[in-house]
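S.K.: For chain A, the structure is supplied; the task is to place chain B on it using the hints.
Protein sequences appear in the order of chains A and B.
Going by the working numbering, the first residue of the first sequence is number 1, and it counts up by one from there.
Going by the working numbering, the first residue of the second sequence is number 1, and it counts up by one from there.
FRET-style restraints, in silico, Cβ to Cβ:
(1) B/Ser-11 to A/Gly-317: 50 to 56 Å
(2) B/Gly-37 to A/Leu-362: 35 to 41 Å
(3) A/Gly-163 to B/Arg-16: 17 to 23 Å
(4) B/Gly-37 to A/Gly-163: 29 to 35 Å
Since the hints were made in silico from the structure, they are not lab data.
All residues carry an ideal CB built from backbone N, CA and C; glycine is no exception.
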Amino acid sequence: MPLSFLDDFRRGDHVRALMNRLEKSAAALERPVRIMEVCGTHTMAISRHGIRQALPPNLKLISGPGCPVCVTANSDIDTFIEMALLPGVIATTFGDMLRVPGTRMGLAEARGRGARVQIVYSTLDALRLARENPESKIIFFGIGFETTAPTIAAAIAEASSSGLDNFLVLSAHKTVPRALTALCSTPELAVDAFLCPGHVTAMIGPHAYDAVVADYGLPCVIAGFEPADILQSLIMLCGQLAVGRAEVALQYTRGVRPDGNPTAMALLHQVFSPCDAEWRGLGVIPGSGLAIRDEFAAHDAARHFQVDAGYSHEPRGCLCGAILTGLKTPGECGLFGKACTPDHPVGPCMVSSEGTCAAYYLYETNDVL
Amino acid sequence: MCLAIPAKIVSIDNQRATVEVGGLTREASVVLLPDAGLGDYVLMHAGFAISLVDEDEALETIRLFEQLAGGSFLGEGPSETGLDGLSPGGTGLDGLSPAE
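Bound-form chain A, shown alone (with noise of 0.2 Å):
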């Protein structure tokens, strides 16, 4: 199978055919819906795309909680610039975060001051990193979903089980199906049905929806990244919105087994277990963190290092909590494409390559300013 079997899920006559499929769908339907899309990664397939232009008139697509850059909490992004301060470290993270604005500072302005800051595609290669420098400590900003926790988690015991000491992990992990539950809990948001997050799901299982069916009775289809993907997708969630039920159904067939991966998911709680957990927009919810686990307490950063980051707080007119929510669009910040751009971000919904901002700012502009 050659990798070119992608573009046929990008193909015009296959996108044109399952629009209009989708056309009669939506006009099966008793009223207007709205269908988050709970993935950064979709957000940006969407804007990218023009998908949400493109939708009939009725079926309106809400962007959600789903950049794990986004979502984490200005305390936490403190807390990490504190660390990286210190002498002797060496702070290593994912890219998006270098240029995310803290409460005084973001990463980048404290690599100025002189913090060694590294950005890594991978935690192989931090963990390299703290092979090859065993007289400083490599932090690890652990953030993002349950995508990427797992490779987190196996650093961790890699490091554990190699006796690599000076290898941490401040953790900020969050969990999806949790900020589900908490969002179908907000009164305001009035959403119909999710379309849910294929690589997360890759990992936990579809049936980690499961409370968000039986509970508050909204469909859930886990879609994959293309255009087709994501327009069959939406043809499912509309056929389920149009007989009203709600089921877990599988879009992203190529690429999610029905159990998920296991193995993933088991060294996951092997190195962590549940906590609660701040995320920006949303606040705390319980129990949708990831704490590492005590016998892995040498490699926990937030163990190790007792910074005090002091009072943290989000940028003035930023709504960027409001936007992770659905409960905002960009263009109804006064900020956005003003002082909000690519080049000057403010908040970290217009740094991320998966930022609901950046996404509209870069694809979107026409419609919203």
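M.R.: Okay, now just chain B, sitting in the frame of chain A:
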């Protein structure tokens, strides 16, 4: 950040593999996907293989698209979603006749 891209495993040794995507090769860990083998297509995320790409499922989905685009969809396609067999509307593409 939950971006994952399909790549082909071109060599594998214990938990370390070399994967190829777009003509480039790079190191990957298969510790999260112990069943992965030489020649498999996997989804790569942050240096780790996280899931096998199921070729049969990919081709099946494409076949549905082709039938839909070609107007030859007879509404008798599989309603399997891979999740307990059935969901309302299945693939969402059932029930569409060429006359529609």
